[in-house]
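Residue numbers (my numbering), protein chains in the order written: chain A, 1 to 349; chain B, 1 to 417.
Don't read these hints as lab results, they were simulated from the structure. Heads up, some of the hints might be wrong.
[As the list claims (entries may be wrong)] Calculated cross-link-like contacts (lysine-lysine; reagent style BS3-like; alpha-carbon spacing at most 30 angstroms):
1. K78/B / K47/A
2. K99/B / K78/B
3. K252/A / K213/B
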Amino acid sequence: MIVSHWAPFIISAATSAMVALPLAPALIELRRRRDALPLVSRTDDGKIDNFAQSMRDYLAPVVTHHNDQPSTVKMDGVLRDGAQAIVISTAVVCDLPGTPLDVVAYVPQSVAFPFPLCFLRELYVRGNLRVAAHSLLRTVLVEGDATLGEGTAVVRWIHAGGSLEAGAKARLLGRASAGGDVRLHGGCEFQRVNGRKIQGGAGELRTLERSSMKAISSSIELGSGRLRSQGDFHLGDGDSVQGNIIGRRRVKIGQDVRVLGSVKAKSDMEIASGTDIEGAIVSGGHVRIGRGCFVRGPVLSEGEVVIAAGTQIGSLKHPTTVSAPRIRLASGATVCGTIWARESGEVTA
Amino acid sequence: MLVYLFTIVIVLICVYALRHYVFTLRRVFGRQRHPYADVDHADWPSVTVFIAAHNEEAVIADCIEALLQADYPRDRLKIVPVNDRSTDRTREIIDGFVKRFPGRIHPFHRTGGKPGKAAALKDAMQFLRGGVFLVFDADYVPGRALIRELVAPFFDPEVGSVMGRVVPINVGKKLLTRLLDLERSGGYQVDQQARMNLGLVPQYGGTVGGARKTALDEIGGWTENTLAEDTDLTIRLLLAGWKTVYVNRAECYEEVPERWPVRVRQIMRWAKGHNQVMVRYAGALLRCPYLSVRERIDASLLLGVYAMAPVLILGWLLAVTLFYTGAEIWGGMAVLGLAAFTALGNFAAFYEIAAAARLDGSSERICLLPLTLLGFTVSVVSVSKAAWEQIIDWFRGREMHWQKTERTRVAPVALGR
Numbered sequence: 001m002i003v004s005h006w007a008p009f010i011i012s013a014a015t016s017a018m019v020a021l022p023l024a025p026a027l028i029e030l031r032r033r034r035d036a037l038p039l040v041s042r043t044d045d046g047k048i049d050n051f052a053q054s055m056r057d058y059l060a061p062v063v064t065h066h067n068d069q070p071s072t073v074k075m076d077g078v079l080r081d082g083a084q085a086i087v088i089s090t091a092v093v094c095d096l097p098g099t100p101l102d103v104v105a106y107v108p109q110s111v112a113f114p115f116p117l118c119f120l121r122e123l124y125v126r127g128n129l130r131v132a133a134h135s136l137l138r139t140v141l142v143e144g145d146a147t148l149g150e151g152t153a154v155v156r157w158i159h160a161g162g163s164l165e166a167g168a169k170a171r172l173l174g175r176a177s178a179g180g181d182v183r184l185h186g187g188c189e190f191q192r193v194n195g196r197k198i199q200g201g202a203g204e205l206r207t208l209e210r211s212s213m214k215a216i217s218s219s220i221e222l223g224s225g226r227l228r229s230q231g232d233f234h235l236g237d238g239d240s241v242q243g244n245i246i247g248r249r250r251v252k253i254g255q256d257v258r259v260l261g262s263v264k265a266k267s268d269m270e271i272a273s274g275t276d277i278e279g280a281i282v283s284g285g286h287v288r289i290g291r292g293c294f295v296r297g298p299v300l301s302e303g304e305v306v307i308a309a310g311t312q313i314g315s316l317k318h319p320t321t322v323s324a325p326r327i328r329l330a331s332g333a334t335v336c337g338t339i340w341a342r343e344s345g346e347v348t349a
Numbered sequence: 001m002l003v004y005l006f007t008i009v010i011v012l013i014c015v016y017a018l019r020h021y022v023f024t025l026r027r028v029f030g031r032q033r034h035p036y037a038d039v040d041h042a043d044w045p046s047v048t049v050f051i052a053a054h055n056e057e058a059v060i061a062d063c064i065e066a067l068l069q070a071d072y073p074r075d076r077l078k079i080v081p082v083n084d085r086s087t088d089r090t091r092e093i094i095d096g097f098v099k100r101f102p103g104r105i106h107p108f109h110r111t112g113g114k115p116g117k118a119a120a121l122k123d124a125m126q127f128l129r130g131g132v133f134l135v136f137d138a139d140y141v142p143g144r145a146l147i148r149e150l151v152a153p154f155f156d157p158e159v160g161s162v163m164g165r166v167v168p169i170n171v172g173k174k175l176l177t178r179l180l181d182l183e184r185s186g187g188y189q190v191d192q193q194a195r196m197n198l199g200l201v202p203q204y205g206g207t208v209g210g211a212r213k214t215a216l217d218e219i220g221g222w223t224e225n226t227l228a229e230d231t232d233l234t235i236r237l238l239l240a241g242w243k244t245v246y247v248n249r250a251e252c253y254e255e256v257p258e259r260w261p262v263r264v265r266q267i268m269r270w271a272k273g274h275n276q277v278m279v280r281y282a283g284a285l286l287r288c289p290y291l292s293v294r295e296r297i298d299a300s301l302l303l304g305v306y307a308m309a310p311v312l313i314l315g316w317l318l319a320v321t322l323f324y325t326g327a328e329i330w331g332g333m334a335v336l337g338l339a340a341f342t343a344l345g346n347f348a349a350f351y352e353i354a355a356a357a358r359l360d361g362s363s364e365r366i367c368l369l370p371l372t373l374l375g376f377t378v379s380v381v382s383v384s385k386a387a388w389e390q391i392i393d394w395f396r397g398r399e400m401h402w403q404k405t406e407r408t409r410v411a412p413v414a415l416g417r
């Protein structure tokens, strides 16, 4: 009898609790406001060498401490996170252990490491740096020129105030940047590289300031400024086009063509040798750029970009960007600006 | 008859539910497309940045300050505050900046003409220099890299307009701002990015975005007599063979409404504008030769999104009527199950918001998800009311009027720039 008398109240209370239960976390959060700040949005300028400046700031106490007490070799607790730092002078280079160095290293002058080393933490060199083959570095800031031996790996990033040269089969994982030129030898792997000129392989660093005039077999001027093709699009050898080309499928551009505009393909794009493109190349598929081409604007692909020898992307006056999941840069190809291989980049022979 | 109508309503709601699920699953598990995000070096084009301002004394200084600090070649960046018939101190504040930064700010003080953002922007086009323009509302606070991020897609010759991500700045103020924060996350982080991933039709949102001058000229410039110049532009560009792209990384802070009446007016304006565009272009969209079938379907669903609120209310009324009249429903339990599932407009939209909160790395704000039902209910009623008013106005031949969203900020924001 008692149960039946209270039953409606019990059922009502249980139902209310079941309805209110999912709301409990919401009401608690509303009251406590544990996550009520605006989402953090990007406020920096996105420059690749921001890392270098952050590292300079981080290591400034080591530099100051060393300037005050030049004879100090080991420093404890100088850095803001309490990390240990050592000073490596040219006199002690040969005494460095072959085992991995798990301390922040500061080199106040130019240095050449004659045998392979493994730095597990930051390495800061105030002069030039030369690293022996098969070394392993984590984070490197060089105020002068940096030369990395064959097979050397940089795990996070490297920035050189001067030039940067990576030997054959070197692996630049993360970011590699230089205030001057960058040379990546054959078999070198990279992800994001930035420099005045980035060249694959040995040979002279050649740059053009503008595309050369070609002998033109026919000239097409697009009235509306763009040409849209619903199917595949093929531009014959020696043609010249003034305007943008948009292909809904594959786009193939013949030899010695001149495009005074940009080219876009929904699918793959193939550009034969000797072609000049004054604008950008955009592709939803793969892009193959033949030998001796010049592209003034960015090259953006959602597949693979292959740049053949003798081709130049961007110029010293107008640096640009090559971006794709996979990039293959031939020895003898040049990019002025940034190469960003989101998955993998490689210098091919 | 009522049963057939009810079935149509259920099918429509299921189509939108499916759309939400596809977007969310694609955003969380699919390949992400950010084809223009890596452009950090290029021969950047000249760009004109318009700041739409109508009585914005509380917020315009923040916006101009932020734009002056933008990392973009100075000689290629023209900042044009469009002071549209302001009666407060907006003009004085803008002129103060003009004096402090000579040659960098080119104000347009509009004293007459047709009211509304579209009309003001149309008049401001005389100040446009270069091939690209961007538009910010005066309450927006752009980051340093934002101009570059928004201009980068224009290297693609097919891109006609671009849209960045809007992030509420006054999140913690009220329950409403917290709900709008979640709603915006779902809309941008999942909805817009999923459309980008799928190669569909991301939408230009009228601010934190821009367009190519040649594309705008080709479609005949801004439409003055619209309440949603952004949707209007997106669809007209699409019809002319230009694409709109979304850049999720191009984030910009905005102030969301803090009071329910302001929010109701805002969403009613959006709904009316959107419906207006739907009526104007739905037919042309379905016939457009440039578009793929997927693009046509997506664009049509995009245009119909605000029309779904009255459809949902109709569904509720039909469900009750059919239940009490004892009508036989085709499919029996299956239809009833679907009807129950879609009783609150379906839960797919909430799934989208939850996914967005996860992608944003928000840990606790996701707890508020059940409360979004409140915002959803208010929106359904407001949008349905807007549709009803629109029909009445159409019968009476009344013109629609643009209403500005009221600002609440009183002091400059500090975001650590």
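Review point. Is K99/B within 30 angstroms of K78/B, Cα to Cα?
Key: holds, 15 angstroms
Check your understanding: Taken at face value, is the distance from the CA of K213/B to the CA of K252/A at most 30 angstroms?
Key -> holds, 28 angstroms
Check your understanding: Taking only the CA atoms, is the gap from K78/B to K47/A under or equal to 30 angstroms?
Key -> holds, 22 angstroms
Taken one by one, the earlier hints all hold for this structure without exception.
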